[in-house]
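Quick mapping for you: the protein sequence lines, in order, are chains A and B.
Going by the numbering used here, the first sequence opens with residue 1, and the numbers climb by one from there.
Going by the numbering used here, the second sequence opens with residue 1001, and the numbers climb by one from there.
Just so you know, the hints here were simulated from the structure itself, not pulled from any lab data.
Be a bit skeptical, because a hint or two may be false.
Okay, derived cross-link-like pairs now, DSS-like style, lysine-lysine, Cα gap no bigger than 27 Å in a straight line [said to hold, decoys possible]: (1) 26/A with 139/A; (2) 119/A with 152/A; (3) 1119/B with 85/A; (4) 139/A with 1119/B.
Small disclaimer: the values here were computed from a predicted structure and weren't measured.
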Amino acid sequence: MDEKIYILIVEDELEVMDALIKDLEKFEEYFPVESANNANEAREVIDYILDHGHKVGLILCDHVLPGQNGVDLLIDLQQIPEAAKSKKVLVTGQAGHEDTILAINKADLDHYIAKPWTKEQLAEVVVSELTDYVIANEKNLLPFMQILDSGKLSDAMRKNQLTDH
Amino acid sequence: MLSFMNATYKQLTSIIIGLIGFLVPFLIEIPGLSDAGHVALSIFCIAAIFWMLEPVPIYATSMLVILLQVFFLSKQGILFPEASADYIPTSYTEFIGTLANPIIILFLGGFVLADAAVKFDLDKNLTRVLLKPFGSNPKFIILGLMVVTALLSAFMSNTATTAMMMTVILPIIARTQPGDPLRIGLALSIPFAANIGGIATPIGTPPNAVVIGALSTQGINIAFTDWMLLAAPLVAVVLIASWFILLWMFKPASTKIELDISGSFQKNKEALFVYLIFGITVLLWVTESLHGVGSSIVALLPVAALSLTGILDQDRIRKLPWEVLWLVAGGISLGISMESTGLAEWIITSINWSIFSSIFLVIAFSLVAIIMSNFLSNTVSATLLIPLAVSLATSGAAGEGFSLVLISLVIGVSASLAMMLPISTPPNAIAMSTGTMKTKHMTRAGFAVGILGLIMVTLYALFYWPLILN
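Same shape as in the complex, but just chain B:
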C-alpha cells in the first residue's frame, strides 16, 4: 500500500478516473436530479471508484467522503448555504457526527475488549477449553474448530480470530500426511467459520455496523439482541452446512488427530479483572432486551474500566484500529447525503421496481452483495448498496411488503458470505498464505458456501425474518 505521494502508474490512473467521475456530474445536467443531487452523485462517484480500485486505502476514501460532504453539501459549505425548494442543507455536524454514531461507540467497546482478551490470552484459553469436548475424530475436530472460531469472531474481528486459530491448526496440519485432504479442509474451516461467525452480532464485523448505522439515520434502532435474534440462527445453519460441504469436498484420510494446545488461564489480578469486565459486558449485550440499556451505552463500560485500571494504556489506545471506525463513519455519512439530496431516490426511480416481486429483489440484492464483496471489501460493498435499499424501501417504489430492515439485513449478511478468493476477506488471505491449498480449492468451496448462503438468506428473508420483525 503506497502512499499518495509516491503513487504508481496504476494508482495514478485510478486517481484520475476517480477525479473524472467526480467532475462529470458537475458538467452535465441530469434531468430530474436536484443541484445538490448532482454534487452528491459526484461524491458518490469518486468514493465508489476509489473504494473499488483502491488507489488509496479505503479508510482514506472515507475521510475524503466526509470532507467533501462538509465542504460542498453542508449548510456551512460553499455551495448550499441556504435552504432551497429541492434541498435543505444538512449541518456539517451531521456528517462529522457519524464518528460518534452509537454503532461506532459499540465497535470501540468491542475493540477494547478484544484487545484486552488478546493481551491476557483469553481468546486462546477459551479456545483450548471449548475444543475439549470435540474429541479426536477429524470430522468433529473440524466442527469444533468452526464452532469456536465462529463464536469468537462474533465478538472479535474475524481476522484476528483467524490468526489466532492458525496457531492452533498449523501444528495439526504439520503432523498430517501431505496428500491428506484433511489439510485443506482444516485450513478452509477457519476463515469460513470466521467470515460466517462475524454475522452473528452487531460488533462481529464492519458490514453489520454499516447496516445498523444506516438504519439508525432512518430512526430505526436495532438492539444487540434483536440483531442476534435475526442473524444468529442463520449463522448456525450456514456454519453447519459449510462443515458438511468441507467434509464432503475434502474427505479426511486420517482417522485421528490430536490437539495439543497447552497453557492455562492467567490468574493475576489484572487478568481476573479483564475476565470480569469481558463477562459483564457480553452478558449485558446479549441481555439487552431484558434490561433495555443500549449496547452502545454498555460499550462505554469496558472502555472506561480498562482505561481507568491502566490495562488499556496510552500505547494500546493508540494501536486500536481507528481506521475501521472512520471507514464505517464515512459510509454512514455518504448514506446521509444520498438520502437528503434525493440522489438515492433518483437512482431508484429510474427503474420500474414494481414489476419485480419482493422475492426477486431479495435474491438480486443478496446476489449482488455476495458478488461485489468477493472482489471488494465487505464493508465497501455494504456501504454502496445500503443507500439504494434504504431509498427503495422508503420511497415505496418497490411496493408493499418491502421492509427497510429486511432488505438492509439481506445486504449486510450477504456481504459477509463472500469467500471464494484469497482477496475476498482478510481471513481468506491468511488461510491461503499457509500454502496448504490452491486457489481452486478455496474457489470451489467458497462458491458452494456462497450459493448455500444465498439460498439461506432468501429463505430467512421469506419466512423467518418477517416473523421477528412484525
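Okay, chain A solo, but in the shape it has when bound:
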C-alpha cells in the first residue's frame, strides 16, 4: 500500500498520549499513528499527511487543549474536504454538555470516549470507526480484513457489485 491511512491523536498531556499510543499498538502496522500536542500542530500534521498523498482515517481528540480547544478544532477541520471525511472521536473527561452537542452538530462527531477508557473499549471504537471510514472511502477493502471488522467489510463487498474477471 503506497497510500497510508493515518490515525491522529491530539492530546497535550504526555502520559495520556503515551497510554493512547500504547493501546493502539496493534493498529500501527496498518494505520500509522501520528500525534499532535495542540490544535495548530494537529493542523500542520494533517496538512503534511494530505500533502504527501496519504489520508487521515481517524482523529482521536482531547477537548481541553492549550490554545484552541478540541471541539473547535474538529469543527474547523470540516472545512478541509479530505479531513471532513476523517472519523472524529472525542477522548475526554471534561467536555461539557454544550461542547459535546456542538461537536455532534457541527463537527460530525462520530464517537465520545470518556476518560478513563479501557484498552478493549478503545480498540472496539477504533475498529468500528475505521471500518466505516474504509468502506466509505476505499475501493479495495481486502487489505483491512485482518485488522478491522471483517464481517462488515465482507458485507460491504457483497453490496458493491463485485464481479469475476
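Position chain B relative to chain A; hints supplied.
Below, chain B alone, put in the same frame as chain A:
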C-alpha cells in the same frame, strides 16, 4: 490500479512492450499471412500483452480492441475499404454489435437479478434456509457451505457470492480454536465452491460468456439448458471431490460447530415482487428446452420489470458492472477478426496437428487454460485460447472428431478450475485476505483441485460430452 495518466515505471514498460508488439507485424512480412491478418496480429499482440501485464484495467484493453478493429479492420476503417482476394472487410457494426450479443444481454439480466437479490437479502436468506439440513458436524457444514455457495455462484458473480459467504463463515472461524485445520478448510471451501459453481450455468462467470459468444459468431447457439446439461454434472463431481480433498488436507479437530445466521425473509411488497421475478426468470432459464424461448430474451424480463417498478433505479443501473460486459464483448470482437482475416487459421496451420490424438489436444488445451488462468484473469485466458480452438475445429486441421463445441467447452470450463494462488480469482483473494491461511495451503489444495479438474474435464470430453452433443 493507477490510471493511464500517472503511470508507474512498470506500467510504462508494459505499455511500451505492448506498442512494440503492435508495431512488429506492420514492419515484418510474414509469409502466408494476408495483409489484414498482419493487422489482426498487431491487435492480438497489443491486446494479449496488455491483458497479461495489465498496465491498464483489462476492460480498458477490451475497449481498445474494439476501437482498433473498427479503425483498421472494418469496412469503414482506413486500411481496407474494399474487399480483396484475401480479405472481405467486416462492417464496423459487427465489432460494436458484440456489445449487444445475446450472451451480453443474458449477463445483463443476471446482473440485475443479482443486484435485486442482494438489495433484499435474498442471497443471505436462501443461504440460511439451505444450510439448515446440514446439521452441526463440521464435515457436513463444509459440504453444505460448498453446495450453497456453488448454487448461488451459478447465478450470481462468484466474487459477490464469496463475499456474502464470508459473513457466514467468519463468525464460525472466530469461535474455532486457532490451531484447528478446520479454519483453513472452511476458508478455502468458499472460494473453491464459488469458482467451481460458476461453471454450472451460462451466466455463472464471464469465461462461459466468452465461449458461448464465440460459438454464436460461428452460428452455434447454446441454450441455457444445453449448457447446464453439459456443465452441471461436471460441477457436481468436481465439487464433491474438492470437499473430500479439503477434508483430507485439513482434517477438522472440532467435532461440532454452530451456525447462527439470523434474519428472516423480507416481506414487503417490493421484496415479494423481487422473489417472484427471480423465481420466474430462473425457472424460464432452466426450462429453456421445454418452451424454447431463448435465455437472452427471458433476461429482458427482469431488466424491464425491475426498472418499471423502480426497484432498479437510476443509481443502481449506473452501478451495474458494465465493465464486465465490455470485457466479454471485446473478447468476442477479437475472435471475429482473428477468424475473418485468416490469422487464427495461420497460427493453427503452422503446427501439424494431425499427428496429435484428440485426447492429447483436450488435455493440452485444458492444461494450458488452467495454467494461464492461475496467473491471468479467467476471462482473458478463455478469450485468448478460444479463437485458436475455433480455427482448429473449423479448419479441419485437427482431423475428424475434433468438435468445435467440445473443445470450446474444455477451454471455458478449465479457465474456471484455476485456484492455486490468491491472484488466480477474486474469490481466492477474498479468502486469503482473512488471514486464516498461508499461501502454501491454498496452493496445495488448489493444485489438487486443478489436477482433479483436468482429469474430470478429460473424462467428460471423452465420454459424456460427445454423448450429449451428438
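Item checked: Given pair status - residue 139/A, residue 26/A, alpha carbons within 27 Å -> holds, 23 Å
Check: Has the given pair, residue 1119/B with residue 85/A, been kept, meaning a C-alpha gap of at most 27 Å?
Finding: Holds, at about 26 Å.
Item checked: 27 Å Cα cutoff - pair residue 139/A, residue 1119/B -> Roughly 20 Å between the alpha carbons, so the hint for residue 139/A and residue 1119/B holds.
Margin query: Checking one constraint from the list: CA of residue 119/A to CA of residue 152/A, max 27 Å. Satisfied?
Written below: Holds. Residue 119/A to residue 152/A sits at ~22 Å (cutoff 27 Å).
This entry satisfies every hint, going by the numbered hints stated previously.
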